[in-house]
Structure formats: structure tokens, C-alpha cells
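S.K.: The lines below spell out each chain.
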Amino acid sequence: MYRYILKRLLMLIPVLLGVAFLIFAIMDVAAGDPVYSVAGADATPEQIEVLREKMGLNGSLIERYIRYIGNLLRGDLGTSYISKLDVMKVYLQRLPNTLKLATLTMIVAVGMAIPLGITAAVHQNSIRDTTSMVLALIGLSMPNFWLGLLLILFFSLRLGWFPTGGSEGFRSIVLPAITVGTSLAALLTRTTRSSMLDVLRQDYLRTARAKGVSERNVIQKHALRNALIPIITIFGVQFSNVLGGSVLAETVFAWPGVGRLVVDAIDQRDIPTVTGALVMTTMLVTIVNLLVDLVYAFVDPRIKAQYTK
Amino acid sequence: MTNQEANEIILNIRNLKVRYETQDGIVKAVNGVDLTLRKKRTLGLVGETGAGKTTTALAIMRLVPNPPGVVECDKLEIGGQDILSLPEHKLEHVRGNDVSMIFQDPMTALNPVFTVGDQIAESLEIHEHLSVKDAKERAGDMLELVGIPRERANEYPHQFSGGMKQRVVIAIALACNPQLLLADEPTTALDVTIQAQVLELMNELKEKYDTSMIMITHDLGCVAEVCDEVAVMYAGRIVEEGTLEDVFNRTMHPYTEGLFNSLPNIKDRKAKLKPIKGLMPDPTNLPVGCSFAPRCNYATDACLIAQPQLRSISQTHRIACTAYDNPEFHIERRIL
Ligand SMILES: Nc1ncnc2c1ncn2[C@@H]1O[C@H](COP(=O)(O)OP(=O)(O)OP(=O)(O)O)[C@@H](O)[C@H]1O
Ligand SMILES: [Mg+2]
Numbered sequence: 001m002y003r004y005i006l007k008r009l010l011m012l013i014p015v016l017l018g019v020a021f022l023i024f025a026i027m028d029v030a031a032g033d034p035v036y037s038v039a040g041a042d043a044t045p046e047q048i049e050v051l052r053e054k055m056g057l058n059g060s061l062i063e064r065y066i067r068y069i070g071n072l073l074r075g076d077l078g079t080s081y082i083s084k085l086d087v088m089k090v091y092l093q094r095l096p097n098t099l100k101l102a103t104l105t106m107i108v109a110v111g112m113a114i115p116l117g118i119t120a121a122v123h124q125n126s127i128r129d130t131t132s133m134v135l136a137l138i139g140l141s142m143p144n145f146w147l148g149l150l151l152i153l154f155f156s157l158r159l160g161w162f163p164t165g166g167s168e169g170f171r172s173i174v175l176p177a178i179t180v181g182t183s184l185a186a187l188l189t190r191t192t193r194s195s196m197l198d199v200l201r202q203d204y205l206r207t208a209r210a211k212g213v214s215e216r217n218v219i220q221k222h223a224l225r226n227a228l229i230p231i232i233t234i235f236g237v238q239f240s241n242v243l244g245g246s247v248l249a250e251t252v253f254a255w256p257g258v259g260r261l262v263v264d265a266i267d268q269r270d271i272p273t274v275t276g277a278l279v280m281t282t283m284l285v286t287i288v289n290l291l292v293d294l295v296y297a298f299v300d301p302r303i304k305a306q307y308t309k
Numbered sequence: 001m002t003n004q005e006a007n008e009i010i011l012n013i014r015n016l017k018v019r020y021e022t023q024d025g026i027v028k029a030v031n032g033v034d035l036t037l038r039k040k041r042t043l044g045l046v047g048e049t050g051a052g053k054t055t056t057a058l059a060i061m062r063l064v065p066n067p068p069g070v071v072e073c074d075k076l077e078i079g080g081q082d083i084l085s086l087p088e089h090k091l092e093h094v095r096g097n098d099v100s101m102i103f104q105d106p107m108t109a110l111n112p113v114f115t116v117g118d119q120i121a122e123s124l125e126i127h128e129h130l131s132v133k134d135a136k137e138r139a140g141d142m143l144e145l146v147g148i149p150r151e152r153a154n155e156y157p158h159q160f161s162g163g164m165k166q167r168v169v170i171a172i173a174l175a176c177n178p179q180l181l182l183a184d185e186p187t188t189a190l191d192v193t194i195q196a197q198v199l200e201l202m203n204e205l206k207e208k209y210d211t212s213m214i215m216i217t218h219d220l221g222c223v224a225e226v227c228d229e230v231a232v233m234y235a236g237r238i239v240e241e242g243t244l245e246d247v248f249n250r251t252m253h254p255y256t257e258g259l260f261n262s263l264p265n266i267k268d269r270k271a272k273l274k275p276i277k278g279l280m281p282d283p284t285n286l287p288v289g290c291s292f293a294p295r296c297n298y299a300t301d302a303c304l305i306a307q308p309q310l311r312s313i314s315q316t317h318r319i320a321c322t323a324y325d326n327p328e329f330h331i332e333r334r335i336l
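Order-wise, the sequence lines are chains A and B. This note's numbering applies: residue 1 is where the first sequence begins, and numbers increase by one. This note's numbering applies: residue 1 is where the second sequence begins, and numbers increase by one.
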């Protein structure tokens, strides 16, 4: 098992290098030469060359890439063209906000999806099943920003329970988490339901009932544990997505997370910030993927056996 | 042992009916079965595939899945306790404790994500309120009892062979010393050498713990080996029942005869097998008369009119066959 983890960690290195190169190359092609816009219209060619060197933009793509990776290893993502601030510092400032929102979002999503999905599966084709599935469909088709606005209208403006936006502690995070969590819960509910339906047919649940296990434990202990793998897969994908920032929710609720950082930076052609934030997000996502794979092994001994082989 | 104890009735079923209401129609799986089983006795429930054997056992456990299954029954008592009127939470005390079931397919009967030790320990934790540690200890004992080293308690089902899984399933069923054990084809999934071992094991355990047992099988050899009594089931009804000698040596029902004639005869290997012609009737659409009549060599018009009722031939032997209305009637059972 430890060897497997070590192997996976080592495999992270080429993956990260590759992804960093892709981001780097795409930004290079897409953004054009930023030196001119920074230098201004009436700069002389000499001034431009000096500036290019200062901005670290001299040399070929490969040369610049290698330089970038070298700096990255020292924790240096360069400085923003616009704010002249250290990109790593700015990213790390935003990251906790995104982590908090992502975590609470997933708690909301799982908290809604698992009970709904289980109920739907256990009472297949009943009114409870239909209700759950209609709820899931609504959650899936409702635009995020719209639900966000509705929640603000009702809970912030009408009832005044939560702030309309900003980052004033826990109360600010509730509405954005519900907004994003609801939309994620939809897919997660459907996954839970179909996975549970598969498991509910299995003979070993009958064995459990024949032992005298209560119906509640048959579902929550024997069935759910077997139904978890697809649920964890979807959970991992969704968690990775929200780690990159939930741009719409962050915009609607003026939540200073990584998503808005990237979007604003793209607007301003602030290449170091965009590249830096994307590379860091990639790193986080690969780590989440590794964790998901480890959770698989924890949930299902057959997968663990494959890892240790 | 007093005489009264010997006659203690463990299982008493009257007029059990089970139907599955599916989209393709109503499957009449069990159609009025009566069974009585005394302490320490083993009843063989035989019949071809689809006869309703598993469904009968599930009904005794009150585990027929609903939907689609619907159970109707006049009386269902285990060890004198009325099982029909028990609410679900009381049934949980009965299952695994008073009555256990060994399931047909060991490959799918175990939960893949729990260790075999935990799966055996679970019923001990539920019924005997043992601590996790004590239950684990006892689970180890149970494993040894069925011939598996106790160290393997921490392994998962996928690390076990089919025969070992079947032993684990048996260990689970026996963990709390049930009065009644329902063994649903406990050996069909196993190869012949393992089959013999498992049968012997079950015989031993039955002796040791005074368990009464219903052995479901279509293997007549297995019946001869372990059963005291036999009930032959056809299309959800019992057509012949009696002691092992009654059914094997004094066979009366044409269907039972057919079952024996389908067996290869070692003494006369050139003799052609005489399988029963045709198929069991569609359980969604059973005939009005005797369900076996369409396949029966002796059938007369009288057989098509009404369902034959079980009648007593002797103290122990009962059959359901209209042909015996004629006192001259007899079957030409080949002597094995
Ligand atoms: N869950 C179910 N839904 C619908 N029909 C069912 C269900 N379970 C069993 N049946 C039907 O009920 C009838 C009796 O099935 P049962 O499993 O009791 O037979 P069996 O005697 O155990 O056969 P086998 O020897 O193959 O195990 C069959 O026609 C079967 O198709
Ligand atoms: Mg069966």
C-alpha cells in the first residue's frame, strides 16, 4: 500500500510538468506578447528589450518554461503584470476561501444527495422516488446564478439571516455553499440512487437480513458501503471542480476565491497570475485524485488487493 | 430424552401460498403447502427447478421480497412461536437466532466489503449481545468448526475458494445455534469431493447441536444421505411426502417415480435414461387439474378436472394423486 502511494506521488511529477507546460504554451499562444502593452505605445526598441528581460520573457518557449519550473520549485510563480504583487502570495490568500467554500459545498451536496438517493432507491418507483428524482432534475437544470439570486432575495434581503455577499466569516459562506451544493447534489443523488439500486438486488443483503440485521443496518451498513465507489468517483470529480473555484457563485456572492482571481486575471491578460493559479489548481486536483483512489482502497478490499499487487 | 420432547414440533406450516406479482403476470410460486417438522429431524425438500423450494424457505424466514412477492398463510409457527403476527423488529430476533438459512449460491451470499470474521461475528453481536472482541473470538471458533483456520477470519470473501465460502455461509447460519436450519442446495455450487465434505460437516453439526433441518435439493443422493423425511414438490405443491423409506422404497406418485427414473442406473448402464417428458407448467398459468397431468404417463381425464388433495396412505406417507381413486392403480417403479 505504501509503495503504491509512493509510486503515485512520483507519478505526480511528470503529470504536473506536462500540465504546466500545456498551460504555459497555451497562454503563450493565446495572450500574444504582453511586453508592448506593459511598455506603452511610445517605448523605443531598446526599452522594450530591457523590459522583456526584466519580465523574464526573453528566450524561446522552452527556455522560459524551464526557467518557470525552476522558479516554481522555489515557490516563485512570478509577479502580476497588473498589481505587481507576488502571484504565489495572492493565490495563497485566496486559497483558504476556496477551500472553505469547496468543503462546505461538498458537505451540502453529500448531505442532500446520499439520503435522497438512498430513499429513492429503497422505495423505487414510489412517490418518494419520483419526488427525489424531480428534485434532482430541478437542481440539475436550475442555473447556479439564478438560485444564488433567489437565495439572496429571500434569506438576505427578506429575512436578513445571511449577508448578501463578501467574506465576513461563516455566515457569508452559507448561501454560496447551498447554491453550488444544490446543483452538485443533483448528479450525486442520481448516482447514489442507481448505485444503490444495483446493490439492493445483491444476494448478500438477503444473507444479512437472514442473520437478523435490522433493515436500517442492511441499508446503511451492508448496502451503502458497497454502493460507495461510483458515488466517491463523482464526488472526487465535483470536489476537483469546486477547488478550481466556483466562478458564478463567487461572482454572485462577491466571494474572494480562486475562481474569480483567475477570471479577473484573464480579463486583464495578467498571464503570470493565470498560469500560476492554474498550475496550483492542477496540483490540488491531482492530489485529490490520489486521495480518491486511496479512499477506494479503504472502502473496497478488492481494490486494495489490486494496489498491493 | 422423553417421548414428548422427541415429538416436539419445530416447524408447523399450514396452507402457505406465495405469488410474485410481476409485470408479465402473477407467478404462483407456492400454492398451499403444509409442512410439519419435528425436533432433530431432517426433511428433504426436492423438486425440479422452479418448483418453489427457495420461495418456501424464504417464506419461512419471512424474507420473500415484497414487491413483487405476496405471502398468504393460515399458520406459520417456529418452535411454537407464531411467526406470522410478529412485527418486523421482533422478526429480527427470530432470524439468525431461531431459524437460519444457508443460501443457494455461496459465491454471491457474502458481502465483499467485510471480512468473513466480521460477517460471522455480526449475528453473535446482534443475538447474543457479545462485545466485538468476544464475537470475533467466537467467529474464529465457528471457522475452525467448519474446517477453516481461525487466522483467516481477517480475510475477505474474494480471498476464499467457492467451497470455503460455502463453509463460511454455513458458519454464519450456525453461529447462534438455531433450532431450525434451512439449507437451500448447500452443495450444488461445489464440486463432488467438496460436496461430500460439506454434507458430512452438516450432518456432524446437526448431531452436535440438535438442529432440525430442511434440506432443499434436487439431488436425490444427497437426500438419501442426510434426510429422515422427504417432501416432493411440484409446481408449488407437495405431491408426495413421507419418511425416507416411504418415498424412496414405496414410491407412489408418478412424479416421484419420474424423478427416480431420470437418474442413471449404475447396475444397468445400458438402460436408457427415462427423463420426464415435457416441462413444468408455466407458474403464471397453472392448469385447473393436477399440474403434473400434462406430463404424466398414467393421466386420465379425471386428472384434468380438479387439483388432487394430499391423502394419507399410511401413518407417515401421503400423496396427492387422483389415479389412486382406483384401488387397482399402481406405478411401475423401477427398483434401484
Ligand atoms: N423475485 C421473484 N420475482 C418473480 N418471480 C420469482 C421471484 N423469485 C422466484 N420467482 C419465480 O417463482 C418460481 C419458484 O421459484 P423458486 O426460486 O422458489 O424455485 P426453486 O424451486 O428454488 O428452483 P431452483 O431449484 O432453480 O432453485 C419460479 O417460477 C421463479 O421464476
Ligand atoms: Mg432455489
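Keep in mind that the hints are not guaranteed to be accurate.
[What the hints assert, rightly or not] With a Cα cut of at most 25 Å, we get these calculated PhoX-like pairs of lysine-lysine: (1) Lys304/A x Lys136/B; (2) Lys221/A x Lys75/B; (3) Lys208/B x Lys136/B; (4) Lys75/B x Lys39/B.
Simulated from the structure, these hints should not be mistaken for laboratory data. Since the model is a prediction, treat every value here as computed from it, not as a measurement.
S.K.: Hints broken by the structure, by number, lowest first?
M.R.: Structure breaks hint 2 only.
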